[in-house]
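2 protein chains.
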Amino acid sequence: MPQAVAGPEIERLIQLLGRMPGLGPRSARRAALQLIKKRETLLAPLAEAMRVAAERIVVCRSCGNVDTRDPCTICADHSRDPTMLVVVEDVSDLWALERSGAVKARYHVLGGVLSALDGVRPEHLNIARLVERAAEPGVGEIILALNATVDGQTTAHYVTESLKPLGLTITRLAHGVPVGGELDYLDEGTLTAAIRSRTAF
Amino acid sequence: MPQAVAGPEIERLIQLLGRMPGLGPRSARRAALQLIKKRETLLAPLAEAMRVAAERIVVCRSCGNVDTRDPCTICADHSRDPTMLVVVEDVSDLWALERSGAVKARYHVLGGVLSALDGVRPEHLNIARLVERAAEPGVGEIILALNATVDGQTTAHYVTESLKPLGLTITRLAHGVPVGGELDYLDEGTLTAAIRSRTAF
Numbered sequence: 001m002p003q004a005v006a007g008p009e010i011e012r013l014i015q016l017l018g019r020m021p022g023l024g025p026r027s028a029r030r031a032a033l034q035l036i037k038k039r040e041t042l043l044a045p046l047a048e049a050m051r052v053a054a055e056r057i058v059v060c061r062s063c064g065n066v067d068t069r070d071p072c073t074i075c076a077d078h079s080r081d082p083t084m085l086v087v088v089e090d091v092s093d094l095w096a097l098e099r100s101g102a103v104k105a106r107y108h109v110l111g112g113v114l115s116a117l118d119g120v121r122p123e124h125l126n127i128a129r130l131v132e133r134a135a136e137p138g139v140g141e142i143i144l145a146l147n148a149t150v151d152g153q154t155t156a157h158y159v160t161e162s163l164k165p166l167g168l169t170i171t172r173l174a175h176g177v178p179v180g181g182e183l184d185y186l187d188e189g190t191l192t193a194a195i196r197s198r199t200a201f
Numbered sequence: 001m002p003q004a005v006a007g008p009e010i011e012r013l014i015q016l017l018g019r020m021p022g023l024g025p026r027s028a029r030r031a032a033l034q035l036i037k038k039r040e041t042l043l044a045p046l047a048e049a050m051r052v053a054a055e056r057i058v059v060c061r062s063c064g065n066v067d068t069r070d071p072c073t074i075c076a077d078h079s080r081d082p083t084m085l086v087v088v089e090d091v092s093d094l095w096a097l098e099r100s101g102a103v104k105a106r107y108h109v110l111g112g113v114l115s116a117l118d119g120v121r122p123e124h125l126n127i128a129r130l131v132e133r134a135a136e137p138g139v140g141e142i143i144l145a146l147n148a149t150v151d152g153q154t155t156a157h158y159v160t161e162s163l164k165p166l167g168l169t170i171t172r173l174a175h176g177v178p179v180g181g182e183l184d185y186l187d188e189g190t191l192t193a194a195i196r197s198r199t200a201f
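Line order of the protein sequences matches chains D and P. For the first sequence, the UniProt record's numbering gives the first residue as 1, with consecutive numbering after it. For the second sequence, the UniProt record's numbering gives the first residue as 1, with consecutive numbering after it.
So here's chain D without its partners, still in its complex pose (with noise of 0.2 Å):
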């Protein structure tokens, strides 16, 4: 236990700062320093903007996405595609493909993948909800947007059985070159895919 160096206020802010994603002991030092140093134009600010989420933000129980309202802005949005499901692992992924602005569909946060290690079985992840809403009039597709992880793809495979019941068409993300990558640096799994799954010029 080192030393307690500045009052119990400032030692609480650091101790909960550490426990944020990318920030240990040390960083969380400094950021709340810089804190305390930009008290008007950050601290103040952050502190609110944490309260209201705290306060507002709600899982939405249809998609799993967060937002402050329920149902998300996304599943109450009716001008996206009604016949369309994307699966994803996270919110984060969610939000990935909003920035890309590549489909304009619902989603489905799985909350997850199924991990024997890490022993997330199916229960645990939001499966059930998932059939519910793909078993839902006017669903035709359902596009599987899930790591191309060992565990995502076992999600997958798992996803796809659960599904098959409902006769829709099940399709995954490709697997390719990256845009703006260099073969040198790809491995062989993904070289093989983009070979395989070549298009004409």
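Just so you know, the hints here were simulated from the structure itself, not pulled from any lab data. There could be a bad hint or two in this list.
Pairs count within a copy or across copies, as identical chains cannot be separated in the list.
Pairs of lysine to any residue residues, derived as SDA-like cross-links and limited to a Cα-Cα distance of at most 20 Å, are as follows [as the list claims (entries may be wrong)]:
1) 37 <-> 111
2) 164 <-> 154
3) 37 <-> 126
4) 38 <-> 83
5) 38 <-> 15
6) 37 <-> 55
Because the structure is a prediction, the values reported are computed rather than measured.
Use these hints to put chain P onto chain D, whose structure you have.
Chain P alone, transformed into the frame defined by chain D:
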């Protein structure tokens, strides 16, 4: 300007988090999501700790430390050696020395170092107040605990000149091999200093 992918409350949280030291736009999003997931255990307490800090923390008018009281806990601590003042660049250096427990004295935070490049001149630093404090009866030694950088050493020389009329003992931190340090990884300046200041074994 990337597309807003979440509600305005979440976007604002991400934007403010991204201005924290050590967090960029991408890690701010990850941090925001982690905070939202740990709403009860981290987000709400952190918001409250930040609010308290923003409201109650003041800069000690005597030494420049940050605390919820003025004079700060260290200046008000009568068990500390009243004959010494430890001069540091920043509050983070004060904290580092306090953690080490190396000295039980009071501090003086300059609030930076002289820098021709950054346009930091003596009047921008807390030097006038240092001269006042050093002139108080009972003070016998000023320890310059400034960083061993060019600007730090320039500042040390300037402070020494400013304090010279008072006829106090002025000392600086020893240069040498860091405890646990390997010679192979040290620069020539440090090794030369360590050889010059060698001590009997």
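So, going through the hints one by one against the coordinates:
With identical chains, the CA atoms of residue 37 and residue 111 are at most 20 Å apart between copies only, with a shortest distance of 11 Å across copies and 37 Å within one. Taking the shortest alpha-carbon separations for residue 164 and residue 154, only the intra-copy value of 15 Å comes in at or below 20 Å, while the best inter-copy value is 74 Å. Taking the closest pair of Cα atoms, residue 37 and residue 126 come within 20 Å of each other only across two copies (15 Å); inside a single copy the shortest separation is 43 Å, beyond that limit. For a Cα distance limit of 20 Å, the shortest separation of residue 38 from residue 83 qualifies neither inside one copy, at 48 Å, nor across copies, at 33 Å.
Both within a single protomer and between protomers do residue 38 and residue 15 lie at most 20 Å apart by alpha-carbon distance, with minima of 19 Å and 15 Å respectively. Proximity of residue 37 to residue 55 under the C-alpha cut-off of 20 Å is restricted to the inter-copy arrangement: shortest distance 13 Å between copies versus 27 Å within a copy.
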